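Protein chains in written order, with this note's numbering: chain C, 444 to 589; chain S, 132 to 559.
Warning: the hint list may mix true and false statements.
[Stated by the list, open to error] The following label-pair restraints were derived from C-beta to C-beta distances:
id, chain 1, residue 1, chain 2, residue 2, range
1, C, L571, S, L359, 24 to 34 Å
2, C, E538, S, G256, 48 to 58 Å
3, S, L519, C, M444, 53 to 63 Å
4, C, R455, S, A178, 46 to 56 Å
5, S, Y226, C, R455, 40 to 50 Å
6, C, S536, S, A179, 54 to 64 Å
7, C, G528, S, P145, 20 to 30 Å
[Stated by the list, open to error] Below, a list of computed lysine to any residue pairs in the SDA-like style, where the Cα atoms sit at most 20 Å apart:
id, chain 1, residue 1, chain 2, residue 2
8, C, K478, C, E463
9, S, K405, C, E486
10, C, K539, S, H489
11, S, K405, S, R417
12, S, K405, C, E561
13, S, K355, C, M558
14, S, K271, C, M563
15, S, K355, S, L389
16, S, K443, S, S501
17, S, K405, C, D472
18, C, K478, S, I408
[As the list claims (entries may be wrong)] Some but not every residue of chain C turned toward chain S, in silico, with C-beta under 7 Å:
id, residue
19, Q466
20, S548
21, I551
The set of hints was computed from the structure by calculation and includes no laboratory data. All values derive from a computational prediction rather than experimental measurement. We put the CB at the ideal spot given by N, CA and C, even for glycine.
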Amino acid sequence: MNISQFMTQEHRMCDTTFAEAEQAVANGDWEAAEKAFLQFSNETLTHFKREEDELFPVFESHTGSTEGPTQVMRYEHEQVKGLIGKMAEAIESQEKDTYLSLCESMMILLQQHNMKEEQMLYAMCERLLPPELKDETLEKMKQVEL
Amino acid sequence: MFDQNGLSLDQAPPISVVLRFFLSGALFGIVAGLLILVFNTAIFDPAAIEAVILTHTLTLGVMLSFMFAALFQMLPVIAGVKLTAPVRKANMLQYPFILGVIVLLFAFYSGKVLLFTIASFLLGGAILSITVTMLRELLKLPNHSSSSKGMSIALIALGILTILALYMTGTLGGIFEGMHYLQVKQAHFTFGLFGWIALLIISISFQVIEMFYVTPSYPTLMHKHLPLSLLILIGTGTLLSPIIADVWSFVTPLLALLMVLYALITLKRLTQRKRPITDATVLLWRIGTGLLIASMLLMLSADYSGYTILAKLSYLSFAGFAISIVFAMFYKIVPFLTWFHLSSQGYFTAPMMHEVIHPKTAMRHFYIHSATLLVLALSLFFSPLIYLGGFLTLLSFGWILWQIIHAWRLYLHTQRTGEKFEMNIPTT
Numbered sequence: 444m445n446i447s448q449f450m451t452q453e454h455r456m457c458d459t460t461f462a463e464a465e466q467a468v469a470n471g472d473w474e475a476a477e478k479a480f481l482q483f484s485n486e487t488l489t490h491f492k493r494e495e496d497e498l499f500p501v502f503e504s505h506t507g508s509t510e511g512p513t514q515v516m517r518y519e520h521e522q523v524k525g526l527i528g529k530m531a532e533a534i535e536s537q538e539k540d541t542y543l544s545l546c547e548s549m550m551i552l553l554q555q556h557n558m559k560e561e562q563m564l565y566a567m568c569e570r571l572l573p574p575e576l577k578d579e580t581l582e583k584m585k586q587v588e589l
Numbered sequence: 132m133f134d135q136n137g138l139s140l141d142q143a144p145p146i147s148v149v150l151r152f153f154l155s156g157a158l159f160g161i162v163a164g165l166l167i168l169v170f171n172t173a174i175f176d177p178a179a180i181e182a183v184i185l186t187h188t189l190t191l192g193v194m195l196s197f198m199f200a201a202l203f204q205m206l207p208v209i210a211g212v213k214l215t216a217p218v219r220k221a222n223m224l225q226y227p228f229i230l231g232v233i234v235l236l237f238a239f240y241s242g243k244v245l246l247f248t249i250a251s252f253l254l255g256g257a258i259l260s261i262t263v264t265m266l267r268e269l270l271k272l273p274n275h276s277s278s279s280k281g282m283s284i285a286l287i288a289l290g291i292l293t294i295l296a297l298y299m300t301g302t303l304g305g306i307f308e309g310m311h312y313l314q315v316k317q318a319h320f321t322f323g324l325f326g327w328i329a330l331l332i333i334s335i336s337f338q339v340i341e342m343f344y345v346t347p348s349y350p351t352l353m354h355k356h357l358p359l360s361l362l363i364l365i366g367t368g369t370l371l372s373p374i375i376a377d378v379w380s381f382v383t384p385l386l387a388l389l390m391v392l393y394a395l396i397t398l399k400r401l402t403q404r405k406r407p408i409t410d411a412t413v414l415l416w417r418i419g420t421g422l423l424i425a426s427m428l429l430m431l432s433a434d435y436s437g438y439t440i441l442a443k444l445s446y447l448s449f450a451g452f453a454i455s456i457v458f459a460m461f462y463k464i465v466p467f468l469t470w471f472h473l474s475s476q477g478y479f480t481a482p483m484m485h486e487v488i489h490p491k492t493a494m495r496h497f498y499i500h501s502a503t504l505l506v507l508a509l510s511l512f513f514s515p516l517i518y519l520g521g522f523l524t525l526l527s528f529g530w531i532l533w534q535i536i537h538a539w540r541l542y543l544h545t546q547r548t549g550e551k552f553e554m555n556i557p558t559t
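In isolation and in its complexed conformation, chain C is listed as follows (with noise of 0.2 Å):
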């Protein structure tokens, strides 16, 4: 499995529970609603944090660029975890009509954002990264814990 496939396998998995989640909350099982939202921002956050501390660094330092995408990635990592904070307070005062409006923009932010990344940024990676930096980078990002 290379890095492009490992990191969209994880974008999927964070669409599934986060899917589980929403409709828990439509079905006002707050109890389901909770586990899977936790378990979504765990997903999402780990992911994130494998992106920050591994995988940008090594794009930044082999292609000079700091500025380029890496940049605007995190910024909408913060963009993603602004809204997850919300949705957490959503869920924890169960404010069904709060959470479900916030899922919406999660997920139309969300897929644009995995999108660039599995069609312009991992795609770069695969191609710009030396085979061994690229098992080596992998390998790291596996390890990384929140």
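Since the structure of chain C is already known, use the hints to place chain S on it.
Relative to chain C, chain S alone:
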């Protein structure tokens, strides 16, 4: 490479650029409702000028406005195209465009040569210049996704469609002799429906279905090759039509088959979405793609049986397809952009998507829209229903108009009164 690719949503144009095209689309929709009330069932007679006027109100006034809104928004965000000075470009397009559509409608009504000439200059100039600008930027992209490729092909089709239209208005305006008028008319019609409207919807859907509803991607064969195949088919039909008289009787079934395949896969993808909640936009996509299938089957049945009622139902279904998809996009884009722009500007009090347009509001509109299509179809069999159809069309586009005004007022209100968190990041 990435800088050129315009990665961020922050490179999206100001919200006013998108909303102004939605606004003109909604206003032309209201005009369409009024025209239905005035023209009655003459709108269903393909030989009547009333049908030509209503068709152009819907395709040019409504659809092209909505599609320009989508292009201005999606080219930077989905395709990664950087459109510089979007407000100036939008103004230079929209004012001559609106005036051009109005003049063209009056030209059809009056048959006055001068009006056709003025409409040609206004519409030809506005549409061709933005088409060339957008295409030029698209061709500069180092990496193409299926959507950006599809959008490029749809824009090429729009350019050809416009040139064909100019030939026809030129003929009606006495500039050309119009030796190939009938072939050009058929090509204009096919390029318009399949080459532009359907192709653009298809290209955008390759990304938005996956993005909005979290579904598996479309089959690679389809998203990589369908747009170009459609353009090649239509182009071949057009080029061969002066030599082979019945070329369209071979091309049209193939086009219909591809459309049905696309629609079936979209319906399948909607059943595979990870987010099981069904909102109005999912229903609009379903009804839209369902109507596309109906339209194609009705068109083929009409060709083989010769029953004109089937052809009329086919046109109506096609209009239903295009407008349903446009509404589905509208209900995602407008609330998202309102929230996104305000929250990117740092407003704590940025309204959430449901506060901009509540799902129940969209659902009510879905019922109005469905009733409109049903009543218009029934009016083919019981003509007095056309008045109800006209009224429902007015209500449907009036509903959209109100949502745009509401979103814009909310946007301005938040900017005026909202608490702001100052961030050192670029915002629009």
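Please flag the earlier hints that this structure goes against, numbers listed from lowest up. Structure breaks no hint.
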